[in-house]
Amino acid sequence: MAKKQLCFDSVTPLYTGAYCPTTTRGHQFHPADFKIDFRISTEPAPNYPIENSIYTDGSKTTDGTGSAFCSIDDLGQLKTKWLGKLSQDNNIFQAELLAIHQAILHHINSKTQVKIWSDSLSSLQAILNPTSPHPLVRDI
1 MAKKQLCFDS VTPLYTGAYC PTTTRGHQFH PADFKIDFRI STEPAPNYPI
51 ENSIYTDGSK TTDGTGSAFC SIDDLGQLKT KWLGKLSQDN NIFQAELLAI
101 HQAILHHINS KTQVKIWSDS LSSLQAILNP TSPHPLVRDI
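Numbering follows UniProt numbering, with no gaps: position 118 of the sequence shown is 118.
For the record, the hints were derived by calculation from the structure and aren't laboratory data.
The C-beta atom is built at its ideal place from N, Cα and C for all residues, glycine as well.
Keep in mind that a hint or two might mislead.
Unchecked claim - Pair by pair, the computed Cβ-Cβ distance ranges are:
#: 1; residue 1: Gly76; residue 2: Thr131; range: 39 to 47 angstroms
#: 2; residue 1: Gln88; residue 2: Asn109; range: 27 to 35 angstroms
#: 3; residue 1: Gln88; residue 2: Ser110; range: 32 to 40 angstroms
#: 4; residue 1: Asp89; residue 2: Asp139; range: 29 to 37 angstroms
#: 5; residue 1: Asp139; residue 2: Gln113; range: 19 to 27 angstroms
#: 6; residue 1: Gln113; residue 2: Thr62; range: 16 to 24 angstroms
#: 7; residue 1: Thr112; residue 2: Pro133; range: 28 to 36 angstroms
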């Protein structure tokens, strides 16, 4: 019996429970053209600046799975926030990716450069992988 992949709907941050269509595997473009390595660092930073920074997080407890991002202004006041409640069937990896994805979508038309900070090494490593089969990673 073939294994089927359960689908995660990134538009409404809920686990759909449906089966996904067949995932495209392999390079969709030449790896040399995937120039994201210089934009993502997996090294800890000595300090975390406030200005033009967005902080993301995902978590899972017995109460549920959640995802969030926020940005803080130069005075340390909350400037923007987004919170997403996911299905209990979602995992922390999906929650972390969703927070990063939503932060990107929120600031995609920003005229200023922003830095997105995440504590999820596995999410950053997945984003660095140009052949990742995960649909949310591919959207990022």
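Going down the list of hints, with the structure as the test:
{"no.": "1", "hint": "Gly76 x Thr131: 39 to 47 angstroms", "verdict": "holds (40 angstroms)"}
{"no.": "2", "hint": "Gln88 x Asn109: 27 to 35 angstroms", "verdict": "holds (33 angstroms)"}
{"no.": "3", "hint": "Gln88 x Ser110: 32 to 40 angstroms", "verdict": "holds (33 angstroms)"}
{"no.": "4", "hint": "Asp89 x Asp139: 29 to 37 angstroms", "verdict": "violated (20 angstroms)"}
{"no.": "5", "hint": "Asp139 x Gln113: 19 to 27 angstroms", "verdict": "holds (21 angstroms)"}
{"no.": "6", "hint": "Gln113 x Thr62: 16 to 24 angstroms", "verdict": "violated (39 angstroms)"}
{"no.": "7", "hint": "Thr112 x Pro133: 28 to 36 angstroms", "verdict": "holds (33 angstroms)"}
In the structure shown, a violation is registered for the earlier hints numbered 4, 6, in ascending order.
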